[in-house]
Amino acid sequence: MAFAYEQFLLLLMAFSTCFSSTSSNSSVKPQRLVSRLIHPGSIHHPHYKPHATAQDRIQLDIQHSAARLAYIQARIEGSLVSNNDNKASVSPSLTGRTILANISIGQPPIPQLVIIDTASDSFWIMCSPCTNCDNHLGPLFDPSKSSTFFPQCKIPCLFKGCKCDPIPFRASYADGSTASGTYGRDTVVFETTDEGTSKILDVLFGCGHYIGYDSDPGHNGILGLNSAVESLATKIGRKFSYCIGNLADPHYNYNQLILGEGADLEGFSTPFEVHNGFYYVTMEGISIGEKRLDIAPRTFEIKENGTGGVIIDTGSTISYLVDNVHKLIYKEVRNLIGRSFRGAIIENSPWMLCYYGSINKDLAGFPVVTFHFAEGADLAMDSGSFFSQVSNDIFCMTIGPASNIDIKSKPSVVGLLAQQSYNVGYDLVNNYVYFQRIDCELLSG
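What the sequence shown shows, in mature numbering (1 follows the signal peptide of the UniProt record, and there is no 0), is residues -24 to -1, 1 to 421, in sequence order.
I should point out that these hints are in silico values taken from the structure, not numbers from a laboratory. In this text, a Cβ means the ideal position worked out from N, Cα and C, and glycines have one as well. Some hints could be false.
[To be verified] With a straight-line Cα cutoff of 20 Å, these simulated EDC-like cross-link-like pairs (lysine to aspartate or glutamate) come out: (1) Lys25 / Asp225; (2) Lys175 / Glu206; (3) Lys175 / Asp118; (4) Lys279 / Asp299; (5) Lys211 / Asp178; (6) Lys303 / Glu277; (7) Lys211 / Asp240; (8) Lys307 / Asp270.
[As the list claims (entries may be wrong)] Okay, the calculated beta carbon distance ranges per label pair: (9) His27 / Asn406: 40 to 50 Å; (10) Asp354 / His251: 16 to 26 Å; (11) Lys136 / Glu277: 57 to 67 Å; (12) Lys337 / Pro142: 40 to 50 Å; (13) Thr173 / Ile19: 38 to 48 Å.
Produce the complete structure using the sequences and hints provided.
Structure representation (structure tokens):
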């Protein structure tokens, strides 16, 4: 007999209450949980390719960002529907260029590299025994060898000798990949800012014993950070922050994620709304230098049918704006530098605005591009965030048109390149997101 997901949630809430009351007597709830973040171009990333060119990397970023945009638009339109009796998480790809967090799970703790995704509520890892997990990173987590692991049963085992019927876990992905297994509970270990470790007891997660994909995913699971009740971000203090430094620097080692009450909520703030699991912010305008672009006030609003709006996202590297706004920026940039630089075309991406030249040498005086949000919050992009050096002598604008994917919903997306040099904090209690421009190294002490 199928176990309805609604029944599972009711059981989960009751079971969590019971468990948290017992565990709170034996431990102090951690306040500041830290995970180092590894971006795709880092020497610490498992898929780092030292001989890859800048153009190779930007082409992968373009492909992955386009897939992410298509996924966002498709999910909004409700075209990604699971037929599974249990809740499924649908994500664009298991194999894209993504930001990884380093956490450990179990006792003894086993390190795992997992994708962080602000649009997902899932937390799952590959578990032993595992079918089709040959390309996993480091040791697989074996629940039978962890002294703190408990299976999540459909009916709680409250007496000695009772048999657990574990709740099945399944996640489906837009590229056809899947992960399936059972739900369980165990201790998750994070670093702390004083170079120690801190434990979160009794965390619910999916144990993936079968992974269906055709290539090496470059990770061991997913860490979802949206505001759903099942999300780890919701369960641990309802606050989190991440700081992203220079994504073009393979040696930069200060990108970080902080979960819990110790998350850095500093700088200017703007309210967010959650729709379809995405964080939507209210964009009120865009400036290039001192010039405010002539954008109609309602351009970025979410329409009554759920289309439009502006999403802040960790899954896309490139940012996308609705077509009429992209055309305004395109025109303004051409007016500023089009007479000084010769245009270039990137193969397979003719929509990108590119020129021959060097960002560091030739664009030192390029004006700051600023996204203006409600209640006075700004996200300012210098030339290193607004442009990307795609080869030794070609740079391109890192904002594309939302029509790059032919789907009706066309939201705008603020990607990771636009968030470089910022600590971005999420207050899930009051529904505010914070932007603090800072070198992430200053937050690591």
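Hint check results:
1. Lys25 / Asp225: holds, 13 Å
2. Lys175 / Glu206: holds, 19 Å
3. Lys175 / Asp118: With Cα atoms ~18 Å apart, Lys175 and Asp118 stay inside 20 Å; holds.
4. Lys279 / Asp299: holds, 16 Å
5. Lys211 / Asp178: holds, 11 Å
6. Lys303 / Glu277: holds, 18 Å
7. Lys211 / Asp240: holds, 17 Å
8. Lys307 / Asp270: Given pair Lys307, Asp270 holds - Cα atoms ~12 Å apart, limit 20 Å.
9. His27 / Asn406: 40 to 50 Å: With Cβ atoms ~47 Å apart, the hint holds.
10. Asp354 / His251: 16 to 26 Å: At 23 Å between Cβs, range holds.
11. Lys136 / Glu277: 57 to 67 Å: holds, 59 Å
12. Lys337 / Pro142: 40 to 50 Å: At 59 Å between Cβs, range violated.
13. Thr173 / Ile19: 38 to 48 Å: violated, 24 Å
The structure fails hints 12, 13 (numbered hints given earlier, in ascending order).
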